[in-house]
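Visitor: Sequence:
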Amino acid sequence: MTTLTPQEQTHPPVDIAHLRHTAAHVLAYAVQDLFPEAKPTIGPAIENGFYYDFDRSEPFTPEDLEKLEARMREIVASDYAMTGRRVSREDAIEAFRDNPYKVEIAREIPEGDPITLYTIGEFTDLCRGGHADSTGAIGAVELNSVAGAYWRGKSDNPMLQRIYGTAFTTQQELDDYHAFLDEAAKRDHRRLGADLDLYHVDELAGGGLIFWHPKGALMRGIVEQFIRDGLRERGYLPVITPHVVHENLYATSGHLENFADSMFGPIEVEGQRFRLKPMNCPGHILIYKNDAHSYRDLPLRFSEFGTVYRFELSGTLHGLTRVRGFTQDDAHLFCTPEQLQGEFEQTLDEALRLMDAFGFSGFEYFLSTRAERGPTDDIAEAAIRNALESRNLPYGIDEGGGAFYGPKLDINLHDAIGRKWQLGTVQVDFVLPERFELKYRGADGMDHRPVMIHRALAGSMERFFGVLIEHFGGNFPAWLAPTQAVVVPISEHQLDYAYEVRDKLRARGFRIDVDSSNEKLGYKIRHWKTQKVPYILVVGKSELAESKVNVNERSVEEKRNVTVDEFAEELAAKVAAKR
RNA sequence: GCUGGCGUAGCUUAGUGGUAAAGCACCACUUUGGUAAAGUGGAGAGCGCGAGUUCAAUCCUCGCCGCCAGCUCCA
2 MTTLTPQEQT HPPVDIAHLR HTAAHVLAYA VQDLFPEAKP TIGPAIENGF YYDFDRSEPF
62 TPEDLEKLEA RMREIVASDY AMTGRRVSRE DAIEAFRDNP YKVEIAREIP EGDPITLYTI
122 GEFTDLCRGG HADSTGAIGA VELNSVAGAY WRGKSDNPML QRIYGTAFTT QQELDDYHAF
182 LDEAAKRDHR RLGADLDLYH VDELAGGGLI FWHPKGALMR GIVEQFIRDG LRERGYLPVI
242 TPHVVHENLY ATSGHLENFA DSMFGPIEVE GQRFRLKPMN CPGHILIYKN DAHSYRDLPL
302 RFSEFGTVYR FELSGTLHGL TRVRGFTQDD AHLFCTPEQL QGEFEQTLDE ALRLMDAFGF
362 SGFEYFLSTR AERGPTDDIA EAAIRNALES RNLPYGIDEG GGAFYGPKLD INLHDAIGRK
422 WQLGTVQVDF VLPERFELKY RGADGMDHRP VMIHRALAGS MERFFGVLIE HFGGNFPAWL
482 APTQAVVVPI SEHQLDYAYE VRDKLRARGF RIDVDSSNEK LGYKIRHWKT QKVPYILVVG
542 KSELAESKVN VNERSVEEKR NVTVDEFAEE LAAKVAAKR
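If you count the first sequence from 1, you need to add 1 to reach the numbering used here.
FYI, nobody ran anything at the bench for these hints, they're computed from the structure.
Calculated cross-link-like contacts (lysine to any residue; reagent style SDA-like; alpha-carbon spacing at most 20 angstroms):
no.: 1; residue 1: K421; residue 2: A185
no.: 2; residue 1: K187; residue 2: N476
no.: 3; residue 1: K290; residue 2: V246
no.: 4; residue 1: K575; residue 2: F511
Note that this is a predicted model, so its numbers are computed, not measured.
Please construct the entire structure, taking both the sequences and the accompanying hints into account.
Guide: Take a look at the structure:
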């Protein structure tokens, strides 16, 4: 921590969160002027802007937002000073007696904490503070959308109307933010999934269920192969378990009592109740349990691309990143307590290897602890902490965010344009071995309880693929691209040669197509560029004569004529380097 | 699920209380063309689904479904 000089303290640089919090006050001020019947509740700064929740029976329309925005600009231009004063709890409650939300907040401020009111112009709000000095500090402000939000996030509370907006110190920063949003929209995997013909969700089949098209399935296969290679090297054993099993399995595992809301309902057959598999662990446990194990067998690492089904609320579904049926790159490790630490560290290394191969960076680690702690949680959490510390990785804590069977480590990462995603998770579990009475024979001749590690490194193939699409913006590197190169003949006189080039490259295992369409060269080039194919190989009269191809590499201006073998070597090198 | 918005050919959009228009994509033909869209022609939706109002509904009303932005949750 740096100590501020007195000068810096009197003129602190405007904190962007303070600026946006101030903008939220300005919004509430504007709402007070234009819609006096609306009751302000809370209005914090958030990652990319701010929001303010209002209680009002009439919905705010887009036209209302425009009027509010105009009024906000006036308030900003007036450059009202933000003045705060400390009041007693009674005074605060009295000041907001017509607003039950503010009263509730005032009542709940802990004894001893200051209760403060902040005023700009004619608007006073109950607020803990953290503002710019005056409204004039806001260089650019805009309102973005209205959405419903429950008071304090609880669905049995009244629904409020949340107005989202953002604010910056300068107009330039706002423009840059818009440019960022445009870039993000261009990378939207739902858009690119359709444009590049990778997958779709079908209304007839239901939301959140993914139909992988040939190109998408091909890419998924490449990712899966990469993961499989890593698993084999690290001694994981492949297993395959059923998608529908008797409900009793999940009663025993505890999923039915802890997880029922997320499970699809029972399927009745011959008076017996079956369930779609929501998690792979119970299945892997049954395989473990089917044999007697010695400590010499451990650690035992079972892996499966396990497809699971979870009932997510319809409103939460989103492209590939929030679905109802998905395949985890799942594995369960059964080990002795002594092995736990080392095994955990290895999974962490493997997770990093995977994320690194796809060019992700900015990893963040979160230790989620279990809400209902048991006697083994200290050991489990220690294993996670020690693993992180042994690799010198800083981490945050998410109290109570763990699985019902134990604490977990979540790995967040940043994509190419700096957005955060949560993919991999590694979890320590002393509970399921207990519930299923798992055991192994120790060196002492006695039975012991193994520890389990649950881990999914990519997370789910669906979400991982969605994130990959956005990370690369559809410009997949050659090793991943469903079509690595298209051979484009200039006229049909070179069509036979084009097929010859294609077959030669295909024989080396590359994914190559020929454009045999009756179109002009410019059209064909444009078409394949929009399809984001890494290489377009143009063959005309001169290439045919020299047995060469004219290489047009994606996002490289310069074109070059090389022989087919030279191109094959170049492509092979890229694929080997995973570029 | 809840709040708000939306739902017209594969995609993007136009349109009207009297049974729908365009561009791209698709198919055929002409053209054999050297680096981001050649020309002509053709086929394709009955306007998400259902009910109501009306002489008449894609356009009005209601319900359902789906999508989008959030709330919530998480791989």
